[in-house]
Amino acid sequence: MQTGFYFDQTRCIGCFTCCVACKDWHDIPAGPAHWRRVTPLEEGKFPQPFLAYLSAACYHCEDPLCAVVCPAEAITRREEDGIVVVDREKCQESARCGITVTNGNGQINVSACEVTCPAHVDVPGYIALISKGRFKEALDLMREKLPLPGVLGRVCSQPCESECKRSEVDKPLAIRDLKRFAYDAVVDEKTVPLPRTKEQGVAIIGSGPAGLSVAYDLIRKGYKVTIFEALPVIGGMMAVGIPDYRLPREVLNRDIEYLKGLGIEIRTNTPIGKGMTLDDLSRQGYKAIFIAVGAHNGHKLSIPGTEADSVLVGTSFLRNVNLGNKIKLGQRVLVLGGGGIAIDCARVALRLGAQKAEVACLESREQMPALDYDIAEAEKEGIIIYPSLTFNRVVCQNGYATGVVCLKLRWMEFDKNGKLHIEAIEGSEHVLSADTIIFAIGQSPELNPLLAGTDIKVTKRGTIAVDPETLETSRPGVFAGGDAVTGTAWVIDAIAAGQRAAYYIDRYLKGEVLGKSYIDVPIIASDIKVEIPADLVKAERQEMPTLSVQERVHSFNEIALGYGEEQAITEAKRCVNCAGRLCLRVCPYDVPQFGAEKGAKMEKCDFCLDRLEENKNPICVDACIMRALDWGSIEELKVKHGDIQEAVGFTYSSNTKPSIIFKPKHLPDKAISSEEK
Amino acid sequence: MSENNQQTENNETIIYTVCNSHCGGACLLRVHVKDGAVIRIETDDGEEPQFRACLRCRAYRQRLYAPDRLKYPMKRVGARGEGKFERISWDEAFSTVAKELIRVRDTYGPASIIYFCSLADIHTLHTMAPMHRLLCMAGGYTPLWGFFSYEGGVFAECATYGTHMTNSTRDDLLNSRLIIMWAWDPAVSIHRCNTPYYLAQAKETGARIIAIDPRYTDSAATFADEWVPIYPCTDAAMLIAMAYVIITENLQDQAFLDKYTVGFEKFRDYVLGIDDGIPKTPAWAEAITGAKAATIERLAREYATTKPAALITGIAPGRTAYGEQYHRAAITLSAMTGNIGISGGSSGGRSWGGEYWGGEMPFLARTKGRMGAPRNPVEEGWPARRDTVKARGSKANSSVKINVGQIADAVLKGKAGGYPADYKLLYLANTNYVNQVLNTNKAIEAFKALEFIAVQEQFMTLTAKYADILLPVNTYFERNDFTSGGATPWYGMVNKSVEPLYESKSHLEIASGIAKAMGIDDYNDKTEEEWLKGIVEGFREVFAKDREGSDYETLKKKALYRFPTDEPYVAFKEQIEDLENHPFPTPSGKIEIYSQELADWDNPQLPPIPKYIEVWEGRNDPLAKKYPLQLVTTHARRRAHSQFDNIPWLRELIPQSVQINTADAQARGISNGDLVRVYNDRGQTVLPAEVTQRIMPGVVNIPQGAWYDPDEKGIDHGGCANVLTKDAKSPAGAFCTNTTLLQVEKWVEK
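Quick note, the sequences are listed as chains A and B, same order.
Under my numbering, the first sequence has 273 at position 273, and the numbering climbs by one with no breaks.
Take any residue in the second sequence, note its place counting from 1, add 1000, and you have its number in my numbering.
Check before you lean on any hint, since a few could be wrong.
[Said to hold, decoys possible] DSS-like cross-link-like pairs, simulated, lysine-lysine; straight-line CA separation at most 27 Å:
id	chain 1	residue 1	chain 2	residue 2
1	A	K616	B	K1558
2	A	K663	B	K1203
3	B	K1750	A	K516
4	B	K1448	B	K1401
5	B	K1203	A	K638
6	B	K1573	B	K1307
7	A	K145	A	K287
8	B	K1203	A	K640
9	A	K616	B	K1034
10	A	K616	B	K1557
11	A	K510	B	K1746
12	A	K510	B	K1292
13	A	K300	A	K457
14	A	K516	B	K1746
15	A	K665	B	K1203
16	B	K1390	B	K1573
17	B	K1558	B	K1526
Simulated from the structure, these hints should not be mistaken for lab results.
Next up, chain A with everything else stripped away, as it sits in the complex:
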């Protein structure tokens, strides 16, 4: 049996009497009243706004996840009526629920991992769900913020892990690997197209992570979203930059299919700028445009000899490989560059049959932008790294490269303007020999012919100029983000840019002033201090099994093999849950299940258990001056009221079936007359 509320949206005038009555009955001090029952929503453009009210109390889910994750086991669902109740004593006793402190400013409820994550994914929430074996729900929770959990489970630069407070005990949590596990553990993920609630359409140029991120956020807000992709494949650099052994094609494709299933339209082989222009998109009725063309343009150094046939550019090389094009590659490959792309070029060359693949770069070993993990794996595969070098010229014979003349560096650094300063060691000149040389020294966006002749401004660095707050370009209504704005960065950065852009595009389309209204986290990880419990037992970080070096270098098979279930749960249990309040994190409706602080009165809806004992209705039902509320068993309510909908949250699966049904409010048939002429 499930007890629940019936809520007649057509009658609710949003008067908040239910909220105040609830506070009076339970003697709750002033605090966020919107948690209680009603939240007014406003949609549409003058003169056609539509006002509706959604209830937002505890939904007494059929399978309450808050009860699943509560470390103190304070939340239970009553067998006889399905009412979810909190044991206040147990709730406050729980020492493990929230141990984060800031610089003496008292307890806060954010964790270092989530504030560090550029997309602010609820890491503690999904880790807790994994530790309880709730893999589907964990993935759902990731999807609240992440459009590409599969991709990020493989290739995320995982800045969260470097801030993980578990490292004060032993080693940081394997957050990325757990993410991957939850993703892999859920098979047969199904999506249904989301309802379109807004008239306007948005055009997105580029199907990389930034473009997909904007598309994901905007389609969830009800807009029509169309992505224009120049290449024959979807995914941008994820498809043509990252090799299969790190990101198998089927993982990327599953992420993309999920997004397409929501209703995002993606047109491949459709470059903008040649046939169709930006202006054409506006003429076709797209009310906002997001440019996310990435940075695919690789460069060579301007040194003598680079015109030789066997001198390649990293991005083109990887693109050709990923698209299955034929490549002429020698036996001894030298990659110039210290980033992830350079490392990938060398590892790909090895897999294509090169006898030897080496990497040489300007940076010292410590300064190399590539991830330590990837460098280490490359070295395991036999790739030699030559750090701290500057390159003078490519040595050629008969039009073919045979090596690169290098000088050793004492030090190098980029100043704050991005200008390079080096000090070479005199007399250190030597030649690194190779028959194929691949430049992977940085990429820039290809903005012609897309922006040629338009009023959209470009920076000196050749990236698109945007307002750093809103990501709007110099043309109103045209936004840009991702590598095309920042230069080469990580997938997660592109996703964060997409989230920001989607927020402002939504405001733009609603006719609102953009302003500075995007709320990022107010604190950085280094300011977060935790008090690790003294009795916390050390536990080994679980390592993922990988293919042996022998198995790897002759194929593009994925190297990392993923956790087994037991391993994943063991690893997830290592989370110290520093920020606490897991119940609120996993609640699909952000309903508090606890007293805000010690001594606080009950804040969670319990159907007024004390009134039920006296055969009275919950106070809100008896208070509603519109008689818009009712309560009882869900089945009986359905019969009694008819014409109802069940409340569903987007994020959560049917497992969390909420115990509320409502009569929805629709737009009046004959809306507003002021448009008549």
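Starting from the known structure of chain A, arrange chain B on it as the hints suggest.
Below, chain B without anything else, positioned relative to chain A:
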């Protein structure tokens, strides 16, 4: 207290009482009391129609026990307005007030004493009556005339119907097929208990509902099939253009007009432009109101051809310059469509306050003094007022009265400015006058000029800060009283729930104390209970003779006497069914579309037929170049006028903000939530902007009642709308809160 306890469970006593906090409602409360303290509040859970209380009374516990309540009598020790006070005894408070009343009376004459008590709690005993009786016994005082809320409406009703009791009971909405909510937002202002509930039911039974309002109100959003935004101060133009459509298409109920009205032809000549060469066409109105001509035409046809149709005229458009004309026009339109006196129709009279079912009684008690006061000596010898119609009381009322909105002007100008007296002493109760009167800054100036100010208050309001003596008055939870439900037909007892907190006293106790200190020994020979018994029995005699459950003893237990509700009460039903025996109380005995009384005045600003008159500070005023936005000051959901503004549970719900259209905000670089400065030549206030499509471009809304909160530079940060309004009076006394031009800019702290 024991005699009015009702029921005991868990050692809790449940007191049945009534909330009528000037919120617009009037609802039943069941107050749980334990160990002498209110611990919870419930509302009606009896038979339908239940009179369920809204959020304001549900939060009353936080008001009753608010830490900032005034606890003791105090005297001012700092400058006026500074808010510095010192605790004194009641004896000292009484003797100081008494001494000052005597001194001012003897030095300047009793007319230099102004006493004003607003409604606050719409009750009978602890309201205006006690001090009125005392002051009349002590030589008299200058009384005020006029209603802040709806003087324009009352004037129009009296001029047209001969009475201002023009409302049907709310349940009659269920019989309407078309409801026009003209500037009417009962979802927020409640407008008598259950009004939104009846609207929802009317909609569910198939009534079409149209909202005409500068704002897409919560009522419009919940109930309306259609929203027609129009500019403030232009409502009469739209109504008159609707009349044009009805006349030119011959849709009027001519038989009704012939039988029940006088002067329709003169109105028709004006509408068609035969008078002045300007036909009042929908196109003419479009240019004025912003509503499309086609919409006006369609609405006019719909209203004229759908029967019964209720034109519910909110009182906000009446709170504009020439607001009288809007109400006159609405009544005329109701007559043209024959909707008066029929079930499901409407008189077109003002939407609140004009209910016969007892609505009149508290007013009589309040103004005349149900306690039986002698005639006010100050009024003697002054001729009758000449500035309003007879039915509004021009005969009975003396011209010594000053308009309720004009205290500041009267104090500052006095006799030299044409007022009947020089004013020196002000006694205020139930009002945060400075905050709520037009042009707050001028009121502050006037209050500084007075010799003595006594204020009865519960909190340190802006007005309280200007008092010389502060008298802590208790809340209705701490005293007994009598009230009625207006358009929900009941009357009942406000039953005391707890003993008065701290040293607070009731109105009657305070007046008695002052009387004693003044040496007026025969002021009060009855207890509170004796007074109330008398009031109840007097009322019962008129309205519910011998009816079971209507007696004092039963009311003490059940709080309410509900009138039998076999069918809704319909205003003017008697007149429409039998005009011969029940003529309208006008000089002609009919509905006066043309009023000879007004014609005799020969005042172009108060014409004998309803006309559209362009306001000052309208959109065409040259001042609009400097101050291009029109202000409306609506009711706030979480307040009853200025009451409840300090209650935490209510404050957290809705921040005080200025509603501004997105286009206007964008043009000024304002985002939702930004602090903005709203200003004109009269004042400025800084508050957050609510950028929304729900208000039409060119109009901003600052909900009235937020407490003025100046910083050290004197800039208000509380969002007090009246720092901006103009203290001009419409010709028949309509209070012009919604006739104000201003500008908004992003606030930059300097």
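The hints, checked one at a time:
1. K616(A) with K1558(B): OK: K616(A) and K1558(B) at ~20 Å, within 27 Å.
2. K663(A) with K1203(B): Between K663(A) and K1203(B) the Cα gap is close to 15 Å, so the pair holds against 27 Å.
3. K1750(B) with K516(A): It holds: about 20 Å lies between the C-alpha atoms, which stays within 27 Å.
4. K1448(B) with K1401(B): holds, 22 Å
5. K1203(B) with K638(A): holds, 22 Å
6. K1573(B) with K1307(B): Judged against 27 Å, a Cα distance of about 16 Å means the pair holds.
7. K145(A) with K287(A): Answer holds: K145(A) to K287(A) is near 24 Å, not above 27 Å.
8. K1203(B) with K640(A): holds, 20 Å
9. K616(A) with K1034(B): holds, 20 Å
10. K616(A) with K1557(B): This hinted pair holds, its Cα atoms lying about 22 Å apart.
11. K510(A) with K1746(B): holds, 20 Å
12. K510(A) with K1292(B): Holds, because 24 Å separates the two Cα atoms, which is no more than 27 Å.
13. K300(A) with K457(A): holds, 25 Å
14. K516(A) with K1746(B): holds, 14 Å
15. K665(A) with K1203(B): holds, 13 Å
16. K1390(B) with K1573(B): holds, 23 Å
17. K1558(B) with K1526(B): Given that 27 Å is the threshold and the Cα spacing comes to 24 Å, the pair holds.
Of the numbered hints listed earlier, not one is contradicted by the structure.
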